[in-house]
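In order, the protein sequence lines correspond to chains W and B. Position 87 (the first sequence) corresponds to 87 in this note's numbering; numbering is contiguous. Position 221 (the second sequence) corresponds to 596 in this note's numbering; numbering is contiguous.
Keep in mind that the hints were calculated from the coordinates and are not lab data. One thing to keep in mind: the hints can contain errors.
[Said to hold, decoys possible] DSBU-like mimics (lysine-lysine), calculated; alpha carbons at most 30 Å apart, straight line:
# : chain 1 : residue 1 : chain 2 : residue 2
1 : B       : K512      : W       : K123
2 : W       : K259      : B       : K455
3 : B       : K455      : W       : K258
4 : W       : K165      : W       : K177
5 : B       : K512      : W       : K165
6 : W       : K220      : B       : K512
7 : B       : K455      : W       : K175
8 : B       : K512      : W       : K282
9 : B       : K512      : W       : K175
[Unchecked claim] Covered stretches of chain B, going by a simulated chain W footprint (3 or more residues, C-beta under 8 Å):
#  : segment
10 : 551-559
11 : 563-569
12 : 605-616
[What the hints assert, rightly or not] Each pair of labels, with its calculated beta carbon distance range:
#  : chain 1 : residue 1 : chain 2 : residue 2 : range
13 : B       : H447      : W       : R309      : 17 to 27 Å
14 : B       : L525      : W       : P159      : 25 to 35 Å
15 : W       : N160      : B       : L525      : 28 to 38 Å
16 : B       : Y412      : W       : H137      : 24 to 34 Å
17 : W       : V174      : B       : A483      : 52 to 62 Å
From the three backbone atoms N, C-alpha and C, an ideal C-beta is built for every residue, glycine too.
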Amino acid sequence: MTDRPGLSRHPGLSRRSVLLGGAGASLTIASPFVHVTPARADKGEIVVAGWGGSRTTAMREVMFTPFEKATGIRVRDDGPPEAAKVKAMVDSGNVTWDILDTDIPAILAMVNAKLLEPIDYSKLDKARLGKIPPVLHHPYGLGHLIYSFNIVYNTKAYPNGTQPKTWADVWDGVKFKGARSFPFRGGLSPQLEFAAIADGVPADKVYPLDIERAWASHDKLRPLVTKWYANHAEAIQLLSSGEIDICCTIGPRGLVAKKDGAPIDVEFAGGKLAPDNWAIVKGARNAEAVYQFLNFVIDGKVQAELAKRIPYGPSSQDAFAHLSEAEAKQLNTSPDNLAKQFWTDIDWWGKTAENGKTNNENQIERYARWMVKRG
Amino acid sequence: MTLVAASAVPSAKATRAWRARPGLMIAGALAFCAIVYLLPMLSLFGWAFQGPAGTGASLAQLSRLIGDDTYHYAFFTTFKIAAITTLICALIGYPYAYLMATTGPRLAMLLTAAVMIPFWTSVLARSLAWMILLGRKGIVNEWLTGWGLLERPAALLFNSIGVQIGMVHVLLPFMVLPIWSILSRLDPGLPRAARSLGASPAAAFIHVTLPLSLPGLAAGATLVFMFAIGFYITPALLGGPNDLTIASLIEMVVRDLLDWPFGAMLSLALLGLVALVFACGAAFAGAGRIAGMEGR
């Protein structure tokens with residue numbers, strides 16, 4: 001080896017030190033789940049892990065910034081709140097998220113893996129909590145923003161109210177010839193409730209689910225489905241391009257597309273409501289600030305402001321006192337729309353079956369099995 | 376940090392020692408590889424041989440893998456898709472590379488650009504573009520029905536046709552480039568010599584050019600096959616229920632079911648199967664090269 005004097009101009013910096021430093025830096029980069037610990041200000045800081053995009057922008061505007069002004073506690077957003085990331089954080093003892101904004105299947109998986117802190121409901125404002133339906137008071141998650149699986153359709157294929165209006169219609173390939181799309185993968189459970197309802201089970205008697213009856217009905221859906229979609233954005237894209245006509249997907253997403261001018265509309269009848277929840281990560285360091293934040297954001301007025309920006313239903317019925325009739329009509333939790341739909345039974349999906357796994361886990365796995373074997 | 380600080384003042388003696396032992400530098404690189412590649416692999420092994428819910432060493436994951444044929448179907452589908460993709464890539468890629476290697480510089484440049492430019496575009500963007508092109512109301516079907524070639528739109532999407540079109544498009548460069556690199560360095564005098572000794576053009580190609588280019592073909596096929604095995608986005612977007620790959624199921628197990636031990640077992644099984652295929656491929660390519668040299 002020849003000596004190359006030009007390599008390092010710094011007399012104190014040998015090649016070896018550069019190499020060692022480089023190796024150290026690479027190590028840091030190489031571990032994807034190592035998060036830089038945020039500096040916490042005197043008043044404290046909480047980190048809310050959410051889904052980003054327009055949703056986080058709206059939350060920052062109506063929740064995070066007003067909360068910071070009111071309390072002096074800084075709110076940092078991060079995400080996406082994937083269960084696998086939370087698991088890596090908790091397992092490594094390096095928890096940097098405090099609050100998650102996520103759905104029930106993810107919460108159930110995290111509860112099973114002991115990654116969440118139970119919510120202490122005695123620390124929450126009684127009056128505000130009372131406006132939120134009790135079905136949304138899960139021990140590990142408080143429902144705040146409601147999504148729903150609905151019949152979302154292309155208005156060119158079904159103009160002037162000719163769309164399928166019940167799940168039996170969606171299952172009827174003779175009366176409605178259009179191409180269907182249903183969700184599969186991406187952590188989504190099979191839509192067994194709709195299968196049962198299409199087979200004649202009344203919506204208020206769906207739970208406890210007759211699993212075998214539902215799967216038998218699901219078999220009949222199979223030839224009608226053109227695409228088993230893997231993520232909701234894909235579903236909306238397929239609908240607006242006319243590639244499919246009828247889709248079982250998130251109604252509020254359909255409404256966002258409709259607002260943007262896509263030929264899409266949503267049939268609320270028969271829809272299945274489910275909450276996105278505030279959940280607390282195990283080992284969250286600033287418990288007091290966390291509850292201050294939760295009390296702030298479950299206020300009906302704050303939720304109403306959020307609903308004006310993103311068309312997901314507010315969980316607090318008090319929110320509708322702050323919304324116009326036209327605004328309420330587009331939301332899945334307005335009193336009218338609420339009456340047409342039913343709530344996902346969180347307890348049923350979270351119940352542990354004989355094999356030690358939850359119904360949710362078992363049915364997700366069975367969904368893959370069903371998909372692979374009946375092809 | 377103390378290591379860096381201690382070595383910050385280099386003495387003449389230290390520099391000499393450094394120069395005398397270049398092995399130290401190699402050791403550093405090896406240590407880096409060990410930490411970044413070997414340790415995670417070992418921990419994958421550790422996960423895979425754990426019982427359910429992280430209980431002690433056990434073969435529970437292995438027996439679950441052996442017992443559940445859902446995953447066998449997915450492995451089979453994955454290897455089937457990869458094999459078909461490799462075959463189609465070889466059938467299209469070889470003539471293409473041959474033309475690239477034998478034609479004039481201008482056309483060769485154009486052909487190279489045609490392969491390389493899509494190569495620099497994201498796989499996701501290309502898969503989405505195929506969705507627009509191949510759809511029921513996509514351009515391809517509009518043309519086919521517009522010209523009266525078809526009465527109704529053909530099902531080009533959400534089935535294995537869509538998957539193959541998307542995957543061949545993405546992976547073709549990995550077949551073309553290795554073959555081209557061998558063919559372009561081939562002595563043009565060799566096939567010419569065969570011709571002058573009375574061989575027909577076809578015979579000259581089959582007995583001289585093809586055997587000599589087999590290593591390129593083997594390298595291309597290995598690359599395409601390996602990438603195809605791990606493909607995830609394209610089959611998920613363009614495929615139907617019969618195109619569910621093992622990568623999709625690993626994602627489901629790791630991300631949705633949070634069953635990391637079983638996810639690790641699936642990953643190891645995939646790794647083992649790929650290693651097996653690679654070993655077979657290497658043996659075959661080796662044999663091919665030996666045959667080629669004997670021919671020379």
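Now the hints, each set against the structure:
At roughly 56 Å between alpha-carbon atoms, B:K512 and W:K123 are farther apart than 30 Å, so this suggested pair is violated. With a C-alpha separation of about 43 Å, the suggested pairing of W:K259 with B:K455 is violated against the 30 Å cut-off. Our distance criterion of 30 Å between C-alpha atoms is broken by B:K455 and W:K258, whose separation comes to about 41 Å. For the given pair, W:K165 sits about 14 Å from W:K177 by alpha-carbon distance, which is consistent with the 30 Å threshold.
For the suggested pair B:K512 and W:K165, the alpha carbons sit about 25 Å apart, so the restraint of at most 30 Å is met. For the hint linking W:K220 to B:K512, the alpha-carbon distance of about 26 Å falls within 30 Å, and the restraint holds. Among the hinted pairs, B:K455 with W:K175 is inconsistent with the structure: their alpha-carbon atoms are about 38 Å apart, more than 30 Å. With a CA separation close to 49 Å, the supplied pair B:K512 and W:K282 exceeds the 30 Å bound.
Of the supplied pair hints, the one linking B:K512 and W:K175 holds, its CA atoms being roughly 22 Å apart against a limit of 30 Å. For the segment 551-559 of chain B, the proposed coverage by chain W is not satisfied: 0 residues have a C-beta within less than 8 Å of a C-beta in that chain, short of the threshold of three. Look at the segment 563-569 of chain B against chain W: 0 of its residues bring a Cβ nearer than 8 Å to a Cβ of that chain, fewer than three, so the hint is violated. Coverage of a stretch by a chain is defined here by at least three residues with a beta carbon nearer than 8 Å to that chain's beta carbons; for the segment 605-616 of chain B and chain W the count is 4, and the condition holds.
Here the CB-CB span from B:H447 to W:R309 is close to 48 Å, at odds with the stated 17 to 27 Å. Checked against the hint of 25 to 35 Å, the C-beta distance between B:L525 and W:P159 comes to roughly 27 Å, which is consistent with it. Look at W:N160 against B:L525: about 31 Å separates their beta carbons, and that is inside 28 to 38 Å. In this structure the supplied range 24 to 34 Å is violated for B:Y412 paired with W:H137, their Cβ-Cβ distance being about 47 Å.
In this structure the supplied range 52 to 62 Å holds for W:V174 paired with B:A483, their Cβ-Cβ distance being about 58 Å.
The structure is inconsistent with the numbered hints 1, 2, 3, 7, 8, 10, 11, 13 and 16, although it conforms to all the rest.
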